[in-house]
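Asker: Sequence:
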Amino acid sequence: GFAEVGVPAGDLPLRFFGDYICNTRAASGHDTAYLVGAALGRTTTPGTLALSYNYRDVEADALLGVLAEATFGGGGTDIRGHKFGFDYQLARNTRFGLTYMMAKRTRSSETNDFDVTMVDFTFRF
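Per my numbering, the very first residue in the sequence shown carries number 4; after that it's consecutive.
No lab work stands behind these hints, which were simulated from the structure alone. Treat the hints with care, since some could be wrong.
[Claimed, not checked] Label-pair restraints from in silico Cβ distances:
1. T27 with Y91: 36 to 44 Å
2. T97 with G32: 30 to 38 Å
3. D14 with L93: 15 to 23 Å
On a predicted model such as this, the values are computed, not experimentally measured, just so you know. Idealized CB from N, CA, C, for every residue including glycine.
Based on the sequences and whatever the hints tell you, model everything.
Answerer: So, in structure tokens, the structure goes:
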């Protein structure tokens, strides 16, 4: 399931969203995944910005690993963590973005921490 609610926060749009998945065919009890988050603002004209945050927990058998976000914690399942985003519209067709993800993967007795920072420049023409 997926849900999203948008409300105005002054002049900025504010969205709250969430996802929930349950794999009813999983052989183990590690069959659920969820994501909850919020986003403020929208990059539409020069000088506008957008902030976003989400937390997710994807258990080992909740979904196919190839369907999970590849950059979050190295991709796959059995991972949980936070994602922070910042976008700024530099010019009419140019946007700068910064994303920071911190995640933890746990498989059997092994635990791995992942910290990923991505910088994006988007040019439209």
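Asker: Next, verify each hint and record whether it holds.
Answerer: Comparing the hints with the structure gives:
1. Distance hint check for T27 and Y91: the Cβ-Cβ separation is about 42 Å, which falls inside the suggested range of 36 to 44 Å.
2. Between T97 and G32 the Cβ separation comes to about 48 Å, which falls outside the hinted range of 30 to 38 Å.
3. The given range of 15 to 23 Å is respected by D14 and L93, whose C-beta atoms sit roughly 20 Å from each other.
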